[in-house]
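**Student:** Below, each chain spelled out in residue letters.
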Amino acid sequence: MSLLTIDDLVVEHRSPGRPVVRAVAGASLTVSAGEVVGLVGESGCGKSTLARAVCGLNPVTEGAIRFEGQPVTPLGLRRRTLTGIQMVFQDPYASLNPRRRVGDQIADGLRVARGSTVTPADLLERVGLPRDFTDRHPHEFSGGQRQRVAIARALAAEPRLLIGDEPISALDASAQAQVARLMRDLAVDSGAGLLFISHDLSVVRLIADRIAVMYLGKIVEIGRTAEVWDNPRHPYTQALLNAIPLPDGQGTLPAELPGDVPDPANPPGGCRFNPRCPHVMDVCRDKEPDFGPVACWLHEPT
Amino acid sequence: MKITDLRVDIHGRQILKGVSVTLHEGRVHGLAGESGSGKTMTGLAALGLLPHGARATGEILHNDRNLLELPAKELNKVRGGEVAMVFQDPATSLHPMLTIGRQLTEHMRHHLGLGKAEARARAVELLGKVRIPGAGEAYGRYPHQFSGGMRQRIAIAVALACSPRVLIADEPTTALDVTVQAGILRLLRGLCDELGLAVLLVTHDLGVMSAVADEVSVMKDGLIVESGPRSHVLRTPDHPYTRSLLASLPESPLAPAPDEERS
Ligand SMILES: Nc1ncnc2c1ncn2[C@@H]1O[C@H](COP(=O)(O)OP(=O)(O)OP(=O)(O)O)[C@@H](O)[C@H]1O
Ligand SMILES: Nc1ncnc2c1ncn2[C@@H]1O[C@H](COP(=O)(O)OP(=O)(O)OP(=O)(O)O)[C@@H](O)[C@H]1O
Ligand SMILES: [Mg+2]
Ligand SMILES: [Mg+2]
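Respectively, the protein sequence lines represent chains A and B.
Heads up, the first sequence is in full-length UniProt numbering, so the first residue is 1 and it goes up one at a time.
Heads up, the second sequence is in full-length UniProt numbering, so the first residue is 1 and it goes up one at a time.
Careful: at least some of the hints might be erroneous.
Just so you have them, the derived chain B footprint on chain A, three or more residues with Cβ under 8 Å [what the hints assert, rightly or not]: (1) 107-115; (2) 236-245; (3) 253-262.
The calculated label-pair distances, taken between Cβ atoms and stated as ranges, are [claimed, not checked]: (4) N97(A) with D221(B): 24 to 34 Å; (5) G136(B) with G26(A): 47 to 57 Å; (6) H299(A) with K77(B): 55 to 65 Å; (7) D185(A) with D221(B): 24 to 34 Å; (8) Q70(A) with L49(B): 41 to 51 Å.
Read the hints as simulated data drawn from the structure, not as lab findings.
On a predicted model such as this, the values are computed, not experimentally measured, just so you know.
Glycine included, every Cβ here is placed at the ideal spot set by N, Cα and C.
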C-alpha cells in the first residue's frame, strides 16, 4: 500500500472578484514508504498548491488525498505536526518563526518525535551548519543557511512523509548534493516517503526513485528516474531537459519554450500543452489525453 | 560601478574581508560561491541596505560618487532609479498588502514622472516580459496570489521598472523552471546588449553563469578567491574551490567519469 495516494486531485484558488484559478486540475500521484518522488514542472503549474493540499493547508475541491489510508483533512498548522507529515516550505520564512531562536524551533520538532536523543545542535551539524548557530534568529542567516535550518526543523519531527518544496534552491552545487542525499538517506533509512519538488533537474536525478512532471495542473509524465531522464517522452519533458543550461563556459543561452506561459484561469482546450507543442496533431486540440504514464496522444496506451 | 576593498562587519564579526568587483556597461558579472560567503552582503552594501549593526568600509563608486558615503536621502534617489536590486528572497522585494500593479507603477511615477495610464501600460508590458500569464488581469492581484516563481519574476519586473543603469540580481532565477529561466536570462542578456545595462548576477548555478555571464568571480569566506573571463573560470579554473564546485556537476567538463554512484 502506498504511504500517500493522490487521486484525481483538483484544487482551486478563489478570490473575490477574480476568476477561479484551477491550480491543480486532476492530478494523480503516489509515494510509497521509503520512496523518493521528484516533482518538477513549469513555474506556476501547481506544485506548491498540490503540496499544501497534502498537508491540509489548501482545501481539496475534488478528488482525494490519503495518507496511510486515511483521508487528509484540513488542519491548523499546529496540529499538522502531529500527523506525521512535515513540509519544508518554498519560502523559508513560512517554515520558521522570525522571532524565535532557531535552536528552540528545532527543539519543538524534536518534542514531536518523542524519545529522540538528538539535540538541535546535532541536527544543525547534519545539515552542514555550525553547532553554535542554535542561538541565532532566522534573519541572521544567509539564504542557503536559512533553508538548511528549515530542513533541520522538519527532520527533527521524524516525519513519515517529508515534503520539500524547493528546499535547497539557494545552495551551491556541492552543498545541494550533500543536503539532498541527507534528505534521501534519512527518508529511506527510516522508511519515510519524500516528495521532493525542485526546479533543479540534476538534483532530482540524483535522489529521486521516480520523477513526476507537471504541466498546468496535471501530471503529464511519470516514470522511473533513469527512464524519464534518458528517454523523456512527453514533449514538455523533452523541452524541459533541453533547457538545462550547461556549465561549459560557452555562453550559450538555453532554449525557451515557444508561445506564452499558459494561464490556469483560462487553460487551452484539448491537450493543455497543444499551443506550445512542436508535434501538435488535430486530436490534441480536441481531446484531453486523460491517461498515463505519459499524457500525450503520441503515447496513448494500447 | 566599481567596488573596491569592501569590508563589512556585523557586531565585530568580519563578513566581507576586502571584496573588489567592477561592473561594466552592457556586461554581466557573475558572482558565485559558497553559501554564507557574503554574496548577498556585497549586493546589499552596494545599495546601502546592510542589516542593523553592520559597518562597511571601502569604496563603491558610481557616477564618481562613493555610495558608502552618500547621505541617506541621496542614496534613496539612486536606489530604485539608477541602481536597482532583485532580492534573494522575493518577499523582501514585494509588499504583501499592495497589488503588484501599484508596486510597479509607484516607482515609475516617482522616478520617471510618468502619468497614471502610461505607467500602467508600461507595468503590464513588463509583466508580459517576465512571462506572467494574463498580465492585464495579474496587475490587480496581490503577491500571495502568485506562485513562488511568479513572485520572483514580479520582483524582477519591479527592479526593471525604472530602467536602471545597474542591476544587482541576487539569485533571480532560483524559483524558476529551466524553460522560464531561459526566458528571463534572454531578457537580461537583451537589456545588457541593447540598453547597456550593467548587471551583478549572484547565482550558485554555474549553468546559468555559463549562459549569461561575461566575467565570473567566485567567493569563499568573505573574499573573492577567483575572478576572470567566463570561459577561463568555468573551463580552466585556478582555485581548488571552483574546481570542486565544477567537479560536483555531472554536466561539467570537469566532472569525473559518468556517475554510477546510485542505481
Ligand atoms: N543579520 C545578520 N547578522 C549576523 N550575521 C549575518 C546576518 N546576515 C547574514 N549574516 C552572515 O553573513 C554571512 C554572509 O551572508 P550572505 O547572506 O552574504 O551569504 P551568501 O553568500 O549570500 O549566501 P547564500 O548563498 O546562502 O545566500 C553568513 O555567514 C551569514 O551567516
Ligand atoms: N492564493 C492564491 N490565490 C489565487 N491564485 C493562486 C493562489 N496561490 C497560487 N495561485 C495560482 O495558482 C497557480 C499555481 O501556483 P503554485 O504556487 O501551486 O505553483 P508552483 O508550481 O508551485 O510554481 P513555482 O514553481 O513558481 O513555485 C498559479 O497560477 C498561481 O498564480
Ligand atoms: Mg511553488
Ligand atoms: Mg545570499
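**Student:** State for each hint whether it applies.
**Tutor:** Here is what the structure says about each hint:
Evaluation of the coverage hint for the region 107-115 of chain A: breached, as 0 residues show C-beta separations to chain B shorter than 8 Å, against a requirement of three. Taking a C-beta to C-beta cut-off of 8 Å, the region 236-245 of chain A contributes 5 residues in contact with chain B, enough for the three needed, and the coverage statement holds. Interface restraint, the region 253-262 of chain A with chain B: holds (8 residues with C-beta to C-beta distance below 8 Å; minimum three). About 29 Å separates the C-beta atoms of N97(A) and D221(B), a value consistent with the hinted range of 24 to 34 Å.
As the Cβ distance of G136(B) to G26(A) is approximately 27 Å, the hint placing it in 47 to 57 Å is violated. Between H299(A) and K77(B), the C-beta spacing of about 57 Å keeps the proposed range 55 to 65 Å intact. D185(A) and D221(B) have their C-beta atoms about 28 Å apart, which keeps the hinted 24 to 34 Å range intact. Our hint of 41 to 51 Å for Q70(A) and L49(B) holds, since their Cβ atoms are close to 48 Å apart.
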